[in-house]
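Enquirer: Residues per chain, in single letters:
Protein chains: 2
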Amino acid sequence: MGLTPRQEKIAGMVKTLGPITGEQIAERLNVTRAALRPDLAILVMSGLVEARPKVGYYYTGKNIISMLTEQVSRIKVKDVQSVPVVVTASTSAYDAVVTMFLEDVGTVFIVEPGGILAGVISRKDVLKVAMGGSDLHKMPVKVLMTPMPKIVVTSPDESVLTAAKKIIENEVDSLPVVSIADHQDTKTYEVIGRLTKTNIARLFVELGEGRGGEHHG
Amino acid sequence: MGLTPRQEKIAGMVKTLGPITGEQIAERLNVTRAALRPDLAILVMSGLVEARPKVGYYYTGKNIISMLTEQVSRIKVKDVQSVPVVVTASTSAYDAVVTMFLEDVGTVFIVEPGGILAGVISRKDVLKVAMGGSDLHKMPVKVLMTPMPKIVVTSPDESVLTAAKKIIENEVDSLPVVSIADHQDTKTYEVIGRLTKTNIARLFVELGEGRGGEHHG
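Listed in order, the protein sequences are those of chains A and B. Taking the UniProt record's numbering, the leading residue of the first sequence gets 1, the next gets one more, and so forth. Taking the UniProt record's numbering, the leading residue of the second sequence gets 1, the next gets one more, and so forth.
Extracted from the complex, chain A is given alone in its bound form (with noise of 0.2 Å):
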């Protein structure tokens, strides 16, 4: 928050001594209660220190950076998710970068029958066998995907902030969305959505501008 010296002091203040009067703090800082006033207030609206008409302030330890951790930890990946693209593993990788320049994505998931993520492919990746001159045509995109159980996902009931971490931490442009099933031994993962950095600069900007309340309450 920036809280000047004074008013670091007077949340000492409170910290030690609360719950404590306006006028008591007034008067062992030396000053008027008046000119105590913009300090309080800005105590107060920062939620580290509460005010109770007629006990006085007290310390809450909590502040607007804790409160937005708690507002953005509720906010969840199929709030903000987009759809995914999709091709199949005999899809050739020319093809699959038609695929990603057609619908303007930067990466495409490789799916097996009933929608089940198979692989994944970014443009860099194709970008890597380009340079080095192997014709896309005649390769199948399965060779040069990423493959399970390589890839990092996320579920739509995830947290935003999480799947984020999620993407900075393994340097990924992007994130499948997963629905999970237990099928006996093995689990299969049904991709039914894409989580972009776009996504999360795009949540960034609405929270910036005091919309994010609105769609993610």
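Bear in mind the hints are in silico, worked out from the structure with no lab data behind them. Be aware that one or more of the hints could be misleading.
List time: in silico DSBU-like cross-link candidates among lysine-lysine, alpha-carbon distance up to 30 Å [stated by the list, open to error]:
| # | chain 1 | residue 1 | chain 2 | residue 2 |
| --- | --- | --- | --- | --- |
| 1 | A | Lys76 | A | Lys54 |
| 2 | A | Lys142 | B | Lys76 |
| 3 | A | Lys78 | B | Lys150 |
| 4 | B | Lys76 | B | Lys54 |
| 5 | B | Lys78 | A | Lys165 |
| 6 | A | Lys78 | B | Lys138 |
| 7 | A | Lys165 | B | Lys15 |
| 8 | A | Lys76 | B | Lys76 |
| 9 | A | Lys150 | A | Lys128 |
| 10 | A | Lys128 | A | Lys138 |
| 11 | A | Lys165 | B | Lys166 |
| 12 | B | Lys166 | B | Lys78 |
| 13 | B | Lys166 | B | Lys124 |
| 14 | B | Lys138 | A | Lys124 |
| 15 | B | Lys165 | A | Lys166 |
| 16 | A | Lys138 | A | Lys165 |
| 17 | B | Lys15 | B | Lys54 |
| 18 | A | Lys166 | B | Lys54 |
| 19 | B | Lys150 | A | Lys124 |
| 20 | A | Lys124 | A | Lys142 |
| 21 | A | Lys54 | B | Lys15 |
| 22 | A | Lys76 | A | Lys138 |
| 23 | B | Lys150 | B | Lys76 |
| 24 | A | Lys150 | A | Lys138 |
| 25 | A | Lys138 | B | Lys165 |
Could you slot chain B onto chain A? The hints should help.
Expert: For chain B alone, coordinates are given in the frame of chain A:
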């Protein structure tokens, strides 16, 4: 904030009748003062309602989202930007892509002497040309770059929020961070940084985890 119906009702009451004491609110709602305490605490915490000892509760119209907006709008591009990766206009498209891979970036800036921005090239741009079967070795990067003045730029002191909006609205992955100089009638843009969707996603994670205040406060 996701207020409960009763909290909404109390907020409305404070808005029209404030300043109003907790006792008066309790009386109007026909509940005890104690039953009301958690709701009032949440309204004060949210910033929507402010409490002033010995006066009562009054309406501020501010809420956590508007405080968040204030907080976020103070973070500048220079607080989160990455270093720019640049090549000269005579570089071949092939070598520009090699630079992309070596530096692991999705966008390379093309500069004139003095680091003056001349163009931008992305993975998508190169992939399109590679798919068309052109020989990237023989093609100067100049031929396929997006040239000035078509490039959307940002500056170190612009708010990250404004810059993020430019990224979303112009559907680009990154913006060159430039320092603008006037030379008689013409402006030149010296490239001094790079703002990417990754920078924004990382900031989102930092803010969401409550680490934003430390670095950008």
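Enquirer: So, for every hint listed, does it hold in this structure?
Expert: Hints and how they fare:
1. Our distance criterion of 30 Å between C-alpha atoms is broken by Lys76/A and Lys54/A, whose separation comes to about 40 Å.
2. Among the hinted pairs, Lys142/A with Lys76/B is inconsistent with the structure: their alpha-carbon atoms are about 43 Å apart, more than 30 Å.
3. Distance hint between Lys78/A and Lys150/B is unfulfilled; the C-alpha atoms sit about 35 Å from each other, more than 30 Å.
4. Proposed proximity of Lys76/B and Lys54/B is contradicted: the alpha carbons are some 41 Å apart, above 30 Å.
5. With a C-alpha separation of about 22 Å, the suggested pairing of Lys78/B with Lys165/A holds against the 30 Å cut-off.
6. A threshold of 30 Å between alpha carbons decides the hint, and for Lys78/A with Lys138/B the separation of about 46 Å lies outside it, so the pair is violated.
7. Our distance criterion of 30 Å between C-alpha atoms is broken by Lys165/A and Lys15/B, whose separation comes to about 40 Å.
8. With a C-alpha separation of about 27 Å, the suggested pairing of Lys76/A with Lys76/B holds against the 30 Å cut-off.
9. Between Lys150/A and Lys128/A the alpha-carbon distance is near 19 Å, which keeps this suggested pair within the 30 Å criterion.
10. Distance hint between Lys128/A and Lys138/A is fulfilled; the C-alpha atoms sit about 16 Å from each other, no more than 30 Å.
11. Between the alpha carbons of Lys165/A and Lys166/B the distance comes to roughly 23 Å, so the proposed pair stays at or under 30 Å and holds.
12. For the hint pairing Lys166/B with Lys78/B, the CA-to-CA distance comes to about 16 Å; that is within 30 Å, so the pair holds.
13. With a CA separation close to 19 Å, the supplied pair Lys166/B and Lys124/B stays within the 30 Å bound.
14. Proposed proximity of Lys138/B and Lys124/A is supported: the alpha carbons are some 21 Å apart, at most 30 Å.
15. For a cut-off of 30 Å, the pair hint linking Lys165/B to Lys166/A stands: about 23 Å separates their Cα positions.
16. Distance restraint check for Lys138/A and Lys165/A: the Cα-Cα separation of roughly 37 Å exceeds the 30 Å cut-off, and the hinted pair is therefore not satisfied.
17. Restraint check for Lys15/B and Lys54/B: satisfied, since their Cα atoms lie roughly 18 Å apart, inside the 30 Å limit.
18. Among the hinted pairs, Lys166/A with Lys54/B is inconsistent with the structure: their alpha-carbon atoms are about 49 Å apart, more than 30 Å.
19. With a C-alpha separation of about 24 Å, the suggested pairing of Lys150/B with Lys124/A holds against the 30 Å cut-off.
20. A threshold of 30 Å between alpha carbons decides the hint, and for Lys124/A with Lys142/A the separation of about 15 Å falls inside it, so the pair holds.
21. For the hint pairing Lys54/A with Lys15/B, the CA-to-CA distance comes to about 20 Å; that is within 30 Å, so the pair holds.
22. As the CA atoms of Lys76/A and Lys138/A are separated by approximately 40 Å, the hinted pair breaks the 30 Å bound.
23. Our distance criterion of 30 Å between C-alpha atoms is met by Lys150/B and Lys76/B, whose separation comes to about 23 Å.
24. Using a Cα cut-off of 30 Å, the hinted pair Lys150/A and Lys138/A holds, with the two alpha carbons roughly 25 Å apart.
25. At most 30 Å may separate the alpha-carbon atoms for a hinted pair to count; Lys138/A and Lys165/B exceed this at roughly 40 Å.
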